[in-house]
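Can you build the whole structure from these sequences, using the hints too?
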Amino acid sequence: MVLTLDDIDKNPELISTTDYFEGMLINFRPLLLTDEKKLAHFLENLGSQTRKFSTRNGYDLNEARDLCFAINRYDKLRLVALINHETIIALFEFSLSIVENEYKRFSEKYGIILNEVTDMRFGPCISDQYQNRHFGCWLFEKVKPMCKLMGKERLILWVVFLLIINVL
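Numbering that gives the first Met the number 0 numbers the first residue of the sequence shown as 0 and each following residue consecutively.
Quick caveat, the hints were computed from the structure, so don't treat them as lab data.
Heads up, the beta-carbon is just placed ideally off N, CA and C, and yes, glycines get one too.
One or more hints might be untrue.
To be verified - Each computed PhoX-like pair below joins lysine-lysine, with the alpha-carbon atoms no more than 25 Å apart: (1) Lys9 - Lys143; (2) Lys108 - Lys37; (3) Lys75 - Lys36; (4) Lys141 - Lys37; (5) Lys147 - Lys9; (6) Lys36 - Lys51; (7) Lys37 - Lys75; (8) Lys51 - Lys9; (9) Lys75 - Lys141; (10) Lys75 - Lys143; (11) Lys9 - Lys36; (12) Lys9 - Lys141.
As the list claims (entries may be wrong) - Okay, the calculated beta carbon distance ranges per label pair: (13) Gly110 - Glu43: 21 to 31 Å; (14) Asn26 - Gly110: 15 to 25 Å; (15) Arg55 - Val98: 31 to 41 Å; (16) Ser53 - Glu101: 26 to 36 Å; (17) Pro11 - Lys103: 33 to 43 Å.
Here it is, written out as structure tokens:
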């Protein structure tokens with residue numbers, strides 16, 4: 000059975016993990032409606048350098064509300080990493096759709112044929128104080144099993160540069 004966004008919305012525990020990173024208890028799970036204030040705090044505290052690599056409309060409570068409102072409404076899945084279930088220190092966004100210009104660019108530039116059934120875009124955002132500590136790599140290892148459960152084989156990094164990572 001392949002997990003859908005609806006499955007995940009109804010039962011976030013299907014893809015949630017709790018583990019230790021550098022002695023800190025980290026819960027990595029889907030964004031919940033109740034995360035508005037925690038997410039706003041995370042967004043508000045992102046530094047200017049981090050914001051250069053982000054595609055947010057804003058970095059405040061309104062943006063956090065919009066992201067929480069969008070849960071299971073579109074083609075997006077958002078995961079958050081929290082310290083002790085309280086403080087968000089990372090936001091990973093996944094898009095199950097692939098836009099037309101990406102099909103063309105990957106085909107022409109790299110000779111790669113994208114497939115919306117097996118490929119998914121993602122964009123990680125990690126709070127400034129946890130960057131350059133291999134935290135993103137650590138979280139990515141937790142993402143790979145989730146992708147497999149969703150029937151995905153490749154992730155397309157959608158930030159300043161594009162990179163394909165084979166999940167299998």
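Structure-based check of each hint:
no. : hint                       : verdict
1   : Lys9 - Lys143              : holds (21 Å)
2   : Lys108 - Lys37             : violated (40 Å)
3   : Lys75 - Lys36              : holds (20 Å)
4   : Lys141 - Lys37             : holds (21 Å)
5   : Lys147 - Lys9              : holds (19 Å)
6   : Lys36 - Lys51              : holds (23 Å)
7   : Lys37 - Lys75              : holds (19 Å)
8   : Lys51 - Lys9               : violated (34 Å)
9   : Lys75 - Lys141             : holds (18 Å)
10  : Lys75 - Lys143             : holds (17 Å)
11  : Lys9 - Lys36               : holds (22 Å)
12  : Lys9 - Lys141              : holds (20 Å)
13  : Gly110 - Glu43: 21 to 31 Å : violated (42 Å)
14  : Asn26 - Gly110: 15 to 25 Å : violated (40 Å)
15  : Arg55 - Val98: 31 to 41 Å  : violated (18 Å)
16  : Ser53 - Glu101: 26 to 36 Å : violated (19 Å)
17  : Pro11 - Lys103: 33 to 43 Å : holds (35 Å)
When each numbered hint is compared with the structure, violations occur for hints 2, 8, 13, 14, 15, 16.
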